[in-house]
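J.: Residues per chain are reported as follows:
Protein chains: 4
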Amino acid sequence: MTKTRVEAFSDGVIAIIITIMVLEMKVPHEASWEALEKLWPVFLSYVVSFMMLGIYWGNHHHLVHSIKEVNGSVMWANLHLLFWLSLIPFASGWMGENHFEPKTLAVYALLLNFCGVAYYILLKVIQSCNRNNETFRIVLEKQSKKGMLSMVLYTLAIPAAFLHAAIAGSIIIIVAILWLIPDRNIEKATKKEH
Amino acid sequence: MTKTRVEAFSDGVIAIIITIMVLEMKVPHEASWEALEKLWPVFLSYVVSFMMLGIYWGNHHHLVHSIKEVNGSVMWANLHLLFWLSLIPFASGWMGENHFEPKTLAVYALLLNFCGVAYYILLKVIQSCNRNNETFRIVLEKQSKKGMLSMVLYTLAIPAAFLHAAIAGSIIIIVAILWLIPDRNIEKATKKEH
Amino acid sequence: MTKTRVEAFSDGVIAIIITIMVLEMKVPHEASWEALEKLWPVFLSYVVSFMMLGIYWGNHHHLVHSIKEVNGSVMWANLHLLFWLSLIPFASGWMGENHFEPKTLAVYALLLNFCGVAYYILLKVIQSCNRNNETFRIVLEKQSKKGMLSMVLYTLAIPAAFLHAAIAGSIIIIVAILWLIPDRNIEKATKKEH
Amino acid sequence: MTKTRVEAFSDGVIAIIITIMVLEMKVPHEASWEALEKLWPVFLSYVVSFMMLGIYWGNHHHLVHSIKEVNGSVMWANLHLLFWLSLIPFASGWMGENHFEPKTLAVYALLLNFCGVAYYILLKVIQSCNRNNETFRIVLEKQSKKGMLSMVLYTLAIPAAFLHAAIAGSIIIIVAILWLIPDRNIEKATKKEH
Numbered sequence: 666m667t668k669t670r671v672e673a674f675s676d677g678v679i680a681i682i683i684t685i686m687v688l689e690m691k692v693p694h695e696a697s698w699e700a701l702e703k704l705w706p707v708f709l710s711y712v713v714s715f716m717m718l719g720i721y722w723g724n725h726h727h728l729v730h731s732i733k734e735v736n737g738s739v740m741w742a743n744l745h746l747l748f749w750l751s752l753i754p755f756a757s758g759w760m761g762e763n764h765f766e767p768k769t770l771a772v773y774a775l776l777l778n779f780c781g782v783a784y785y786i787l788l789k790v791i792q793s794c795n796r797n798n799e800t801f802r803i804v805l806e807k808q809s810k811k812g813m814l815s816m817v818l819y820t821l822a823i824p825a826a827f828l829h830a831a832i833a834g835s836i837i838i839i840v841a842i843l844w845l846i847p848d849r850n851i852e853k854a855t856k857k858e859h
Numbered sequence: 666m667t668k669t670r671v672e673a674f675s676d677g678v679i680a681i682i683i684t685i686m687v688l689e690m691k692v693p694h695e696a697s698w699e700a701l702e703k704l705w706p707v708f709l710s711y712v713v714s715f716m717m718l719g720i721y722w723g724n725h726h727h728l729v730h731s732i733k734e735v736n737g738s739v740m741w742a743n744l745h746l747l748f749w750l751s752l753i754p755f756a757s758g759w760m761g762e763n764h765f766e767p768k769t770l771a772v773y774a775l776l777l778n779f780c781g782v783a784y785y786i787l788l789k790v791i792q793s794c795n796r797n798n799e800t801f802r803i804v805l806e807k808q809s810k811k812g813m814l815s816m817v818l819y820t821l822a823i824p825a826a827f828l829h830a831a832i833a834g835s836i837i838i839i840v841a842i843l844w845l846i847p848d849r850n851i852e853k854a855t856k857k858e859h
Numbered sequence: 666m667t668k669t670r671v672e673a674f675s676d677g678v679i680a681i682i683i684t685i686m687v688l689e690m691k692v693p694h695e696a697s698w699e700a701l702e703k704l705w706p707v708f709l710s711y712v713v714s715f716m717m718l719g720i721y722w723g724n725h726h727h728l729v730h731s732i733k734e735v736n737g738s739v740m741w742a743n744l745h746l747l748f749w750l751s752l753i754p755f756a757s758g759w760m761g762e763n764h765f766e767p768k769t770l771a772v773y774a775l776l777l778n779f780c781g782v783a784y785y786i787l788l789k790v791i792q793s794c795n796r797n798n799e800t801f802r803i804v805l806e807k808q809s810k811k812g813m814l815s816m817v818l819y820t821l822a823i824p825a826a827f828l829h830a831a832i833a834g835s836i837i838i839i840v841a842i843l844w845l846i847p848d849r850n851i852e853k854a855t856k857k858e859h
Numbered sequence: 666m667t668k669t670r671v672e673a674f675s676d677g678v679i680a681i682i683i684t685i686m687v688l689e690m691k692v693p694h695e696a697s698w699e700a701l702e703k704l705w706p707v708f709l710s711y712v713v714s715f716m717m718l719g720i721y722w723g724n725h726h727h728l729v730h731s732i733k734e735v736n737g738s739v740m741w742a743n744l745h746l747l748f749w750l751s752l753i754p755f756a757s758g759w760m761g762e763n764h765f766e767p768k769t770l771a772v773y774a775l776l777l778n779f780c781g782v783a784y785y786i787l788l789k790v791i792q793s794c795n796r797n798n799e800t801f802r803i804v805l806e807k808q809s810k811k812g813m814l815s816m817v818l819y820t821l822a823i824p825a826a827f828l829h830a831a832i833a834g835s836i837i838i839i840v841a842i843l844w845l846i847p848d849r850n851i852e853k854a855t856k857k858e859h
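So the sequence lines, in the order shown, correspond to chains A, B, C and D.
669 is the number that my numbering gives to position 4 of the first sequence; each next residue is one higher, with no gaps.
734 is the number that my numbering gives to position 69 of the second sequence; each next residue is one higher, with no gaps.
845 is the number that my numbering gives to position 180 of the third sequence; each next residue is one higher, with no gaps.
856 is the number that my numbering gives to position 191 of the fourth sequence; each next residue is one higher, with no gaps.
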C-alpha cells in the first residue's frame, strides 16, 4: 500500500514536471517560419530535458519495483529527489532562452549532478532497509555504477561549458545515451522473479 | 504492477496536457462580448485538440488494457508517444492565436502525423512482446488500419492547408470522426474475455 | 480495471483543473494590503469554483463507485463532462478579473449549466449499461432530481445576472449548498452494500 | 476502494501544487549570475514551501493509511485541507517576490495556520468515524500534539514578522524541523500491524 502511494505521487510529480516544461515554449504571435525557427534552442533543451526526466522515471520505476518496503526515510529521500527534478524546467528554460550560453549550460549540468546525487542517496536509503532481494541487488549494482559515471561526466561538463557549449552538450547527451541502453541484466532479473 | 504504472504515468501526462491547453485561452481583461468573440479560433482549436487527446487516451486505454506484459522497449515507445502529444498544446495555441493561418495548420497536421507514427511504433513494439492474445490481435488489426488511413489523411492535410484552411481543417475533423465511431469488434472482444 | 482507469484519469483532470485555477490569482508585485485587497473578486470566484469542482468530484466518485461496468460510451460521456469542467478556470478567471460584471456572471452560470447537462448525460449513459443495481438506482434517482433542479436554477441565474450580480451569485451559491448537504440515502446504500 | 480514490485525488492535487510553484520562479532573460542571484528570495520560499507540502503529504499519507473507512464528511474535510494547501504557491510567490517583507511573511504564517487548522479538522472528522484502531490512535495522538504546537508557533510568527523577518522565518523553519523528525512511534505501530 505505502509503496503504491510513493509510486503514484512520484509519477504525478514527474508527469507534471515533464508537461509544464512545454509551457516554457511560448506560442509565437506571428505565423512565420522565422518565429518558429527562433524557438529551436528552447525546443532542443525541451527534448533533452524530456529525455532526462523520462530516464529518471524509468530508473525510479525499476528501483521501486524491485523493493518490498518503504519507510519514512525512503519517503524523504524520494521527496528530495523530486525537489531537484522539479528545478529542471527552470534550468532548461533558462538554457534554451539564452541559446546555451556557457553559464546556463554549467548550471544545467550542475543541476543534473544534484539530481544524480539525490538519486544515489535514494538508492542508498532504500538499500539500508531492503536486504536479501536478488532483483534489487542487481538493480542497485547497475544503477550505482552508471550513477557514479554520470556524476563524473556531469562534473566534467561544468568547466567544459566555459570552453565550448558543444563539448558540455555532448557530455550531457552521452550520459543520456548511457542510460537509454536497456539493461538486459535488470530485465532478466525482473522476469525471473515473476 | 509494471503495466499499472505505465498506465498511471500516461494517464497523468495526458490529463495534464489536456488541461494546460486551457491556459492558452487567456482571460480577457474586458467584460464584453467582443473580447469573448475574439477568442473563437483559440476555443475552436482547443475543442479539436481536446478531442484528439481524448481519442489518444481512449485508444491507449484499449491497447494497454489488452496486453499482459510491459518491458523497457514498451516504456520508451510510450514515452516517445507522450513527447509528441505534449507538443499539441503548443501547436494548438499557435494555430488558434493566428486564426488558422496555412503555416500553423500545416504544422498542426504534421504534429498529428508524428503522434500517429509514434502510436504506430508503440503498437508494433507491443506486438513484438505480446503474442497469442485474441483481444490484442483484434485491437492491433483495427488500430493499425485506422492508423494507416489517418497518417495518409494527415499527410494530405499538410499541402491542403496552403490551398484553403477549411480543406485541411475538414480532413483533420474527418480523422477525428473516424476514431470517434466506437469499434464494436474491440468492445465485443474485450467483453468476451471477461 | 477499465473502471479504475476512468476514475484515475478523471481524478487527474479534476485535480489539475482545481489547481491551475490558482494561477489566475496573479502574485501582486507590491507588498501592500491594497494589492491584496484588489484580489478579492478573483479570490471569491476561486473559492466558488473550487467548491463546484469539489462537488463534481464527490458526485462523480459516488456515481462511478456504484457501477460495475464501463464501456466506450461511458468513456466519451465522461470526457465530454471533463471538457466542460476544464473551462471553469477560464470562466472563473474572467468573472473575477471583471468584478462579477453581469456578462461574466451569465457566462459562468451558462457554463455551470453545460457542466450539469454533461453530468446528466453521463448519468443516463451509465444507466443504459448498468441495470439491476440497488446502490446505483438510489444514486441515480437522487442525483437526477438534484441535477434537474440545479439546471433550472442555473438557467434562472443567467437573466438574473443582468438584474443584479448578487441575485445570480446567490442562486449559484444555493445550488452549491444543495449539493453540499450530504445524501444520507446514498451513504446508507453504499454502506449496506459492503 | 473509496479510500484509494481519496488518496489518489489528494496525491494528485498535492503533486500539482508542489510542481506549479516552480512556475513562480520566472526564467531570467539574461544569462548572468546577477539575474540568477536576484531570484534567491523566490528560490528560498520555494524550498520552504516544497518542504511544507512534502510534510503535509507525508502526514496525510500516515493518517489515511491508518484508517479503514472514508465517508462524505472525510471527503469534505479533505477537500477543505486541499483548498488551503492550494493557496501556498500564491502566498509563497508573494513572499518571495517581495523579499520577505513583514506583511507577506505574516500572510504566509497565517495561511500555514489555516492549513494546520484544516488538517486538525480532518483529524477530528476521521476520528469520529474510525474507532478502535491502535495504529490510528497513535497517529492521532502524535499528530494532534504536534499540530497544536505548530498552530501556537504559527500564531506567534504573525506578529513576529513585523518585528523582524528573521524571527518569523526561524519560527516557520522550527515547525518544519519539528515535523521532519521521524516519528518512531508511528513507524513502529505501522510495522506491527503488518
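Everything labelled a hint here was simulated from the structure, so no lab data went into it.
Errors might be hidden in some of the hints.
It does not matter which identical chain is used: a pair holds within one copy or between any two.
Okay, derived cross-link-like pairs now, DSS-like style, lysine-lysine, Cα gap no bigger than 30 Å in a straight line [stated by the list, open to error]:
1) Lys733 x Lys789
2) Lys768 x Lys668
3) Lys691 x Lys810
4) Lys691 x Lys733
5) Lys668 x Lys703
6) Lys789 x Lys810
7) Lys811 x Lys768
8) Lys691 x Lys768
9) Lys768 x Lys703
10) Lys768 x Lys810
11) Lys768 x Lys733
J.: Each hint should be assessed against the structure and marked as holding or not.
T.: Hints and how they fare:
Taking identical chains as interchangeable, the C-alpha atoms of Lys733 and Lys789 lie at most 30 Å apart only when both belong to the same chain, with a minimum of 15 Å there against 32 Å between chains. In the homo-oligomer, the alpha carbons of Lys768 and Lys668 never lie at most 30 Å apart, since the shortest distance is 39 Å inside one protomer and 41 Å across protomers. Taking the shortest Cα distances, Lys691 and Lys810 never come within 30 Å of each other, neither inside one copy (39 Å) nor across copies (36 Å). Neither within a single protomer nor between protomers do Lys691 and Lys733 lie at most 30 Å apart by alpha-carbon distance, with minima of 43 Å and 40 Å respectively.
In this homomeric assembly, Lys668 and Lys703 never come within 30 Å of each other (Cα to Cα): the closest approach is 44 Å inside a single copy and 39 Å across copies. For the identical chains of this complex, Lys789 and Lys810 are intra-copy neighbours only, at 13 Å inside a copy versus 32 Å across copies, given an alpha-carbon limit of 30 Å. Taking the shortest Cα distances, Lys811 and Lys768 sit within 30 Å of each other inside one copy (26 Å), while across copies they are farther apart (44 Å). Taking the closest pair of Cα atoms, Lys691 and Lys768 come within 30 Å of each other both inside a single copy (22 Å) and across two copies (17 Å).
Proximity of Lys768 to Lys703 under the C-alpha cut-off of 30 Å is found in both arrangements, the shortest distances being 20 Å within a copy and 15 Å between copies. Taking the shortest Cα distances, Lys768 and Lys810 sit within 30 Å of each other inside one copy (28 Å), while across copies they are farther apart (48 Å). Taking identical chains as interchangeable, the C-alpha atoms of Lys768 and Lys733 are never at most 30 Å apart, the minima being 42 Å within one chain and 47 Å between chains.
Of the numbered hints stated above, those contradicted by the structure are hints 2, 3, 4, 5, 11, listed in ascending order.
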